Amino acid sequence: MARMKFLCDADRCIECNACVTACKNEHEVPWGINRRRVVTINDGKPGERSISMACMHCTDAPCAAVCPVNCFYTTADGVVLHSKDLCIGCGYCFYACPFGAPQYPKVGNFGSRGKMDKCTYCAGGPEADGSKEEYEKYGANRLAEGKLPLCAEMCSTKSLLAGDGEIIAQIYKERVTKRGYGSGAWGWKTAYRETIES
Amino acid sequence: MLIKRTQRERSEVASRGSVASALAGQAGGLDRRTFLRRSGLAGGGLAALSALPIGSVHKAEAAAAGPLASGAAIRKSVCTHCAVGCTVTAEVLNGVWIGQEPSWDSPINRGSHCAKGASVRELVHSERRLRYPMKLVNRQWTRVSWDTAVNEIGDKLLQVREKSGGDSVYWLGSAKMTNEASYLFRKFGAFWGTNNTDHQARICHSTTVTGVANTWGYGAMTNSFNDIRNSKTLVIMGGNPAEAHPVSLQHLLEGKELNRANFIVIDPRLTRTAAHATDYVRLRPGTDIPVLYGMMWHILKNGWEDKEFIRQRVYGFDDVRKEIEKWTPDEVERVSGVPGAQLERVAQMFATQKPATLIWCMGQTQHTVGTANVRASCIALLLTGNVGKPGTGANIFRGHDNVQGATDVGLDIVTLPFYYGLAEGAWKHWSRVWEVDYDYLVSRFDDKKLMETPGIPLTRWFDAAILPKADVAQKDNIKAVFVQGHASNSITRIPESLKGLQALELLVIADPHPTTWASLAVEAGRTDGVYILPVATQFECKGSRVASNRSLQWGEQIVKPVFECKDDLEVIYLMAKKYGFADKMFKNIKVENNLPEAEDVLREMNRGSWSTGYCGQSPERLKAHMKNQSKFDLVTMRAPKDDPEVGGDYYGLPWPCWGSPEVRHPGTPLLYNNNLAVMDGGGTFRPRFGIEREEKLPDGTTRKVSLLADGSYSKDSELKDGYPEFTLAVLKKLGWDKDLTEAEMATITKVNSANPDAVSWSLDLSGGIQRVALMHGCVPYGNGKARMNAFGLPDPIPVHREPIYTPRVELVSKYPTLPDAKQFRMPNIGFSVQKAAVERGIAKQFPLILSSGRLVEYEGGGEETRTNPWLAELQQDMFIEISTADAADRGIKDGGWVWVSGAENGSRARMKALVTERVGKGVAWMPFHFGGWLGGVDLRKNYPAGTDPIVLGESANTITSYGYDPATGMQEPKVTLCQIVAA
Amino acid sequence: MAFFGKYLRLVLGACAFLLVIAMSTPSGAQQVNPTASSVKEQQLLQELNRVQGRVSIPDQRSGVLEQPAGRDWREFRNVTLRWIGGIAILGTLAVLVIFYLSRGMVRLESGRSGRSIVRFTAFERFVHWMTATCFIILAISGLNITFGRPLLLPLIGFEAFSEWSQWAKYAHNYLSFPFTIGVVLIFLMWIAGNIPNKVDVDWLKRGGGLVGHDHPPAYRFNAGQKAIYWIVVIGGGAVAATGYELMFPFYLSGIEGMQLAEIVHSVVAVLFVAAMLGHIYIGTIGMEGAFEAMGSGTVDINWAKEHHRLWLEEENARTGANDARPQPAATAAE
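Protein chains in written order, with the numbering used here: chain A, 1 to 198; chain B, 1001 to 1983; chain C, 2001 to 2334.
Simulated from the structure, these hints should not be mistaken for lab results.
Be careful, since some hints might not be right.
When the alpha-carbon atoms are kept at most 27 angstroms apart in a straight line, the in silico BS3-like pairs for lysine-lysine are as follows [to be verified]:
1. A:K45 - B:K1893
2. B:K1301 - B:K1232
3. A:K173 - B:K1232
4. A:K178 - B:K1354
5. B:K1163 - B:K1499
These numbers come from a predicted model, not from an experiment.
Given these sequences and hints, build the entire structure.
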């Protein structure tokens, strides 16, 4: 089984936000919900780097571990998904997530965070693949169609890599060897407890 | 553990078809190459990966694919947000655009997009688009029918024309239109009888077009984004492609990585591009020429120049040398702030670690010295022999999807289509192509002299409306503006443009959005005389667009125009019909239900565009290219020679694509590359300015110097030296006239029956002269030298001139701007303004340099992109970047509100401060995409209900000030002065 | 606490990091190589234990790219808290059961006199029961968040458990308001009788009379009740404050603040629950005659004599009579 991961090559990322709008476009994500975002470290200074971040689909995902209602599940491809039918909007996954991935629609009154929403790795949710219900709750299911997440597919500089962890790690290693520098596979140690040596 | 319901139901995990059944390699899945591409692997690493065990992405069975996207048609068009030329792949179901897919096959974007490209679908189904025509009645926007609108607009314009002449109507077109629409818009201007037809190129790269064309023949990017992969040294000066052309960075960064190339950014801001540079040089805005000469000073001092290249292919080196020698490291540092050692390092890399390319954008062009800046860049390239080879060249990144095309097709004030100019010969050429009587065209103009005089640049439309009639060198002031696809907030001096809006008798806005024309017209106090016509987005139209690299791409119509929107072509046709010249204008173009057929328009262009080599790109060939995108090489952009449909072609048949389509010229991926045969895309510098020049010598005598190449020629050329452009006379001299067919000869004779020998390669409607030249391995336009000395321009040798508003007043006496003069029918009083500013101590009152530029999320005036929620969410506030030191001096906090005041008109604007080290001390920077606020006032109420963009903000151009390039009328939005205080 | 240590490290790291930046910023125009000087993730994590930058969207909290502290919080929530809660609650229950079995109900030794005295007014009782009801629901719904997944979910299944938890969450959020009001009223209403004094020392020394048949004297509230009072006021205040911080995310703090709030909230809450178990025990089956005080509001004179002799004397002195007719006005002033 493949183990799907994301890898953002910060030495390629130019903060163009294509990943962000591709995500919005593919899943019709509403205003205020940012399944993916680009963060710029050292903004405006030499050494500035931007990193595109969404749910990293962690190994032994903290969100899943702390969820009071156990609404998360990991697919055979290592994608961490959740059921919005089961989610109670408690916010615990947000406290546990190292990457700020969970998003909550504001549903008006205090305290009632809506059902959590997050990156699905374009793999939908528990509903039948490609069904209308799945699309409405979680967005498109590209994986079921044999496609990878659109954010990575549309990345302007091929900075954001998605795919089997071993393959994208290999691609990244190759790049670093070829060009002679690399600021690291951001988030990998935290998400997957591994780093890419180059 | 919770599992997917479908899994539970089937109780067998594998049967669902887990996404990546690694190592399984099932048939029917995507192949390995596709998987790697989808995984984001660059071409370069493929081979090395072959040893890896790799799974394939398994395509789910049809039943599992779900009902949502099944049955969707795939249509391809071109992204409208910059000139990189990314293919947009749309999924269309029941006439609705339901999704975007990566365009893997395009050699330009290879699946990628930026924020704008990845969200273009929203533009079409936007709820805030214009839905029906409207007119302003007593300050209220009122719905009218198309018929009413066209009739009322037409009657009014005819009335204006009657009273004030054809030149009193300003026809402002767009770089967003297809080639076909831009061409028709220009043709419409000719039939209406004016040269006042302009578009965005005026304010982005008009100086590039003029400066570069005056150097070596054509005003365009010489190489391509893909070709930059070959560069060993990249200098990006006055450009921020990471935000303005993000997908180009894919090629730039991969090239940088694979070649371990030097990636040098010279810019006042440490831009997002500079974040990836290997060297960053900060200069004072407006001192590009000193820095370029400073580099050249080191090059000459160290003998790094390419002497053989200069001898064979360059004219005027000695003249330039004198100017270069003035720019010692000390003087360069004094003027620009760049230290000599740093510049020497850059110069060394640029001149010796070749191939090197110089990339620029609006940082060089948008200046009063824009043309000279561009010329200095060209000179630097010529000096080091970095032109005409892979990995070299002037890589000029253009800003709109079809700004290169709209320029080429002559949607411009200085020329008819394809750079034929405005002289009688040009008009006669086009009257032959259009099959319309030359005298009829003359009769359409106020007089023949105006017919042959460049029009008014769009940067000055309001000056032309409000200056005394005597100052405007045409029959009357501008009385009406018809704008189809151009933002008003992209034009400098907004406070004064309001006076212009007030003075107009009629304003027509034809656009998918009301734009700031509408909101500012109401703010200017207009109560009527404004019409808004809803025009379709480019995704609802078909036609060709020219990317920055000169490749033509055919975009399909993705969906039909929504609501009451109309295709650009239809709007132009309706106008022509109203004025009674539609039959003449569309004589050879099929029109159905008022909609001219785009393919026919392109065919007409093919028949007349010999000068620029748009003659070979038939609609059929372009469509074949879009269909066969995957066959083109990533670096050379060439298809394999044995391909039945596109064999040997370069992607998009980058112009010049010589001869008729039947000649099957492959296009020219790199201009002036004499290492290739012409029929393989090779070329030479174009001798466009005569074949010899009389030079005055110091002793008072004169000598004649050849402007033709010296011992250099393109591969396989039968002429082994420089040669002039081909005419029938030249062919006869060479004895090649016998290669012409009888039919070709007949056409040539028809073109100029009085003197067929004078018929040239660019006027010969048969294409025979071009065909014969190509047969003999020659370039139709000749083989000349590039000009370091561009005699004929206001500054034939670029000289530094301080910006009109400069903080360095002590430099003005040594480096003043050019004297006041009359240009483009208008006075240019830059010198007086500069003098007054120095005398009045403006620089003390407004001590900060204000520059402007682009954000990745928005484009141009930004109304379209600020209406798109996916983009608008990412940039919700207008802001100004101010340095940490300047902010501390003023007590300004990051994110706090500030007032920015400008040097003219008491202009001021309210926005948020972004305190950053990105800009240096003494420099502030604004994005130019915002609009809808003016002087701290929100103008949302001025928009027709429901069509206001989501995000509004102050326009940078509220603060920008006077300053026009003498050669092109380019405005000066990159350097002015301002003051910032906390609000 | 480990958390504060982490904060200290954060601050020190930030200072060190700023220093590094300050030193690496080019002052003049030396060669600037942004490629070579790029920030490194591991370096930032080591220095600050988080990675933070700028985002263009207004939601500035999303500028935190990475904060691995969530891992520690997860460990707390899934392991530490369950141990603390389990020991506190089950331990208390065990103690109470053993106590009950060995001691039985504390009987009213002198029997009922038949005369009663007002101990709590209707308003006081209303406040008490409002707070108590809220507390019980809050406690159950709160415990559900921590213990529901391992204990209840396997019994009733995903859908039912989520449905129940959803309602429990609503209840927890909405009832926090009356609960908080109750705590505030309790604080104001009974503060006068709950200031510790010398009598309490004696009471405590004598074990409150829980063992044996001793009856240490007490005013209106004995030291045990005072302890409950202060547990309610301080514990209630703490859970309310931290609860609201969690309910209105990011108004008061960033994610670490919320993690800390959750830790405080949950630890205080389970201890609170344990303490309240004791309170409920003694007010019901633990002591004869005690429930009446909050039930009907009156207690038997003999009960008052045995448990709150000093209070009874005070009351008698104040009303100036020995008759034990209910005197609502007498206590209302308190």
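| request: For the pair supplied as a hint, K45 of chain A and K1893 of chain B, confirm whether the alpha-carbon distance does not exceed 27 angstroms. | output: 18 angstroms, holds
| query | Going straight from one Cα to the other, do K173 of chain A and K1232 of chain B come out at no more than 27 angstroms? | reply | 23 angstroms, holds
| task | With a cut-off of 27 angstroms on the C-alpha distance, tell me whether K1301 of chain B and K1232 of chain B pass. | result | 22 angstroms, holds
| Holds or violated: K1163 of chain B with K1499 of chain B, Cα cutoff 27 angstroms? | 21 angstroms, holds
| Hey, K178 of chain A versus K1354 of chain B, does the alpha-carbon distance stay inside 27 angstroms? | At roughly 20 angstroms apart (the allowed maximum being 27 angstroms), K1354 of chain B and K178 of chain A satisfy the hint.
In the structure shown, no violation is registered for any of the earlier numbered hints.
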